[in-house]
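A.B. asks: First to last, the sequence lines map onto chains H and L.
Start counting the first sequence at 1; every next residue gets the next number (the numbering used here).
Start counting the second sequence at 1; every next residue gets the next number (the numbering used here).
Derived by calculation from the structure, the hints in this document are not laboratory data.
Fair warning: this is a prediction, and the values are worked out from it, not measured in the lab.
Hints are supplied without guarantee of correctness; some may be wrong.
Heads up, simulated DSS-like pairs for lysine-lysine below, C-alpha to C-alpha not over 25 Å straight-line [claimed, not checked]: (1) H/52 <-> L/100; (2) H/41 <-> L/70; (3) H/40 <-> L/70; (4) L/42 <-> H/22; (5) L/100 <-> L/42; (6) L/42 <-> H/40; (7) L/42 <-> H/19; (8) H/22 <-> H/41; (9) L/70 <-> H/22; (10) L/2 <-> H/41; (11) L/70 <-> L/100; (12) L/2 <-> H/40; (13) H/41 <-> L/42; (14) L/100 <-> H/41; (15) L/100 <-> L/2.
Simulated DEER-style distance windows between Cβ atoms [unchecked claim]: (16) L/53 <-> H/20: 41 to 49 Å; (17) H/12 <-> L/10: 45 to 53 Å; (18) H/8 <-> L/12: 40 to 48 Å; (19) L/100 <-> H/109: 25 to 33 Å; (20) H/52 <-> L/54: 30 to 38 Å; (21) L/20 <-> H/52: 37 to 45 Å; (22) L/59 <-> H/27: 35 to 43 Å; (23) H/22 <-> L/51: 32 to 40 Å.
Beta carbons are placed, not taken as given, at the ideal position from N, Cα and C, and that holds for glycine.
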Amino acid sequence: ETGVTQTPRHLVMGMTNKKSLKCEQHLGHNAMYWYKQSAKKPLELMFVYNFKEQTENNSVPSRFSPECPNSSHLFLHLHTLQPEDSALYLCASSQGTAEAFFGQGTRLTVV
Amino acid sequence: QKEVEQDPGPLSVPEGAIVSLNCTYSNSAFQYFMWYRQYSRKGPELLMYTYSSGNKEDGRFTAQVDKSSKYISLFIRDSQPSDSATYLCAMTTLYSSASKIIFGSGTRLSIRP
Numbered sequence: 001e002t003g004v005t006q007t008p009r010h011l012v013m014g015m016t017n018k019k020s021l022k023c024e025q026h027l028g029h030n031a032m033y034w035y036k037q038s039a040k041k042p043l044e045l046m047f048v049y050n051f052k053e054q055t056e057n058n059s060v061p062s063r064f065s066p067e068c069p070n071s072s073h074l075f076l077h078l079h080t081l082q083p084e085d086s087a088l089y090l091c092a093s094s095q096g097t098a099e100a101f102f103g104q105g106t107r108l109t110v111v
Numbered sequence: 001q002k003e004v005e006q007d008p009g010p011l012s013v014p015e016g017a018i019v020s021l022n023c024t025y026s027n028s029a030f031q032y033f034m035w036y037r038q039y040s041r042k043g044p045e046l047l048m049y050t051y052s053s054g055n056k057e058d059g060r061f062t063a064q065v066d067k068s069s070k071y072i073s074l075f076i077r078d079s080q081p082s083d084s085a086t087y088l089c090a091m092t093t094l095y096s097s098a099s100k101i102i103f104g105s106g107t108r109l110s111i112r113p
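Just chain L, same shape as in the assembly (with noise of 0.2 Å):
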């Protein structure tokens, strides 16, 4: 079973739709929770991350954890179609400098205008 699982899309949308971006992972040890946002022939960058289990907003962007299942979410409102790329869920169990962050592998969304 791989450490963290995250469905590859691709996903397709029409401008506005709200989108839900899910993982699931199977290290209870894992704390802390990152979303990346990649486009083509880009490196990932980050977007949010959040610790433990909760909510986190930051714009049209909220994260979602929920350690009791293993699932964590990130929606997205009012898409746009600059948010077309490949969101990849990342997770640590240990929140510090050369931490060991598993990813998953990516899910590809197209907003459609």
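Pulled out of the complex, with its shape left as it was, chain H reads as follows (with noise of 0.2 Å):
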């Protein structure tokens, strides 16, 4: 079982659906992240959260929405997405340091 677990791995869904993307880390790290990686670009920071609280937000649409309940878990809640939201969705942690360890990713497909 690696680090940082990301569900589901695969997820397609309606602009009109509403859907979350779930990672949790077993590493006891106090620092988690949302990051997009799309095709030929550059991984994009979305979200970090220290201690729970979040800490920066990248100028991200409203129609992603973070949730984290405590350290180890850490959502993405999704509703009205559009096909460019289609890619793959990073979740990481790191404690104390910037090294960031990674999930596996959930891609996302919007039709």
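Fit chain to chain and form the complex, with the hints in mind.
C.D. replies: As structure tokens, this is what we get:
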């Protein structure tokens, strides 16, 4: 089992649907991140949480809503997405340093 | 101008060759530099990190930072087919939890047997 687990691994949703991505880290880290990875583009930082508090929102549209109930769990709630939001969504965590450990990602397709 | 520039490749070399992967950056405040490897359908995994200028070696991998030129490199010696992956450079100004890490777009590397 990897240190950072993401579910589901794949998700297809319509533009009017509401869905949630889940991330759980088993490493005892205090910081958690959401990144978006699109083809041929750099990883885009979306949100950062440190000790459950959001410390970074990188101008992400409100159709993406993060939730961090505790230091081990992170959610990304999705609603009324657009086809251009189709991408690999990666969760990561870190502890005391900038070295981030990533999950396997959720491949999201918006139809 | 992007904060971090990385040649997307693809780069194809024969097994056993020395591979050189590079990134340039524009923000002189970056102090911590990382290389990640990402296999197909997987999340990125941390390979190496370095602080400020200089070299760091780990087995067949050497990371090099030249802050005066705003240029970082990853060298892979005796390359193996298992090294075939996308390599992402990353950097940040602050080496602490919840740091804002900026990534390059990644270089796809293929090692031919």
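A.B. asks: All hints, please: hold or fail.
C.D. replies: Hints, verified against the model:
1. H/52 <-> L/100: holds (16 Å)
2. H/41 <-> L/70: It holds: about 21 Å lies between the C-alpha atoms, which stays within 25 Å.
3. H/40 <-> L/70: holds (22 Å)
4. L/42 <-> H/22: Within the cut-off at roughly 16 Å; holds.
5. L/100 <-> L/42: Between residue 100 of chain L and residue 42 of chain L the Cα gap is close to 22 Å, so the pair holds against 25 Å.
6. L/42 <-> H/40: holds (16 Å)
7. L/42 <-> H/19: holds (22 Å)
8. H/22 <-> H/41: holds (23 Å)
9. L/70 <-> H/22: Roughly 37 Å between the alpha carbons, so the hint for residue 70 of chain L and residue 22 of chain H is violated.
10. L/2 <-> H/41: holds (11 Å)
11. L/70 <-> L/100: holds (18 Å)
12. L/2 <-> H/40: Satisfied, since the Cα-Cα distance of roughly 14 Å is no more than 25 Å.
13. H/41 <-> L/42: With a Cα-Cα distance of about 16 Å, the restraint between residue 41 of chain H and residue 42 of chain L holds, given a limit of 25 Å.
14. L/100 <-> H/41: OK: residue 100 of chain L and residue 41 of chain H at ~17 Å, within 25 Å.
15. L/100 <-> L/2: holds (15 Å)
16. L/53 <-> H/20: 41 to 49 Å: Hint holds: Cβ distance 43 Å, inside 41 to 49 Å.
17. H/12 <-> L/10: 45 to 53 Å: violated (28 Å)
18. H/8 <-> L/12: 40 to 48 Å: With a Cβ separation near 34 Å, residue 8 of chain H and residue 12 of chain L fall outside 40 to 48 Å, so the hint is violated.
19. L/100 <-> H/109: 25 to 33 Å: holds (28 Å)
20. H/52 <-> L/54: 30 to 38 Å: Roughly 36 Å apart at Cβ, these two residues keep to the hinted range, so it holds.
21. L/20 <-> H/52: 37 to 45 Å: holds (42 Å)
22. L/59 <-> H/27: 35 to 43 Å: violated (24 Å)
23. H/22 <-> L/51: 32 to 40 Å: With a Cβ separation near 34 Å, residue 22 of chain H and residue 51 of chain L satisfy 32 to 40 Å, so the hint holds.
Of the hints listed earlier, those the structure fails to meet are numbers 9, 17, 18 and 22, in rising order.
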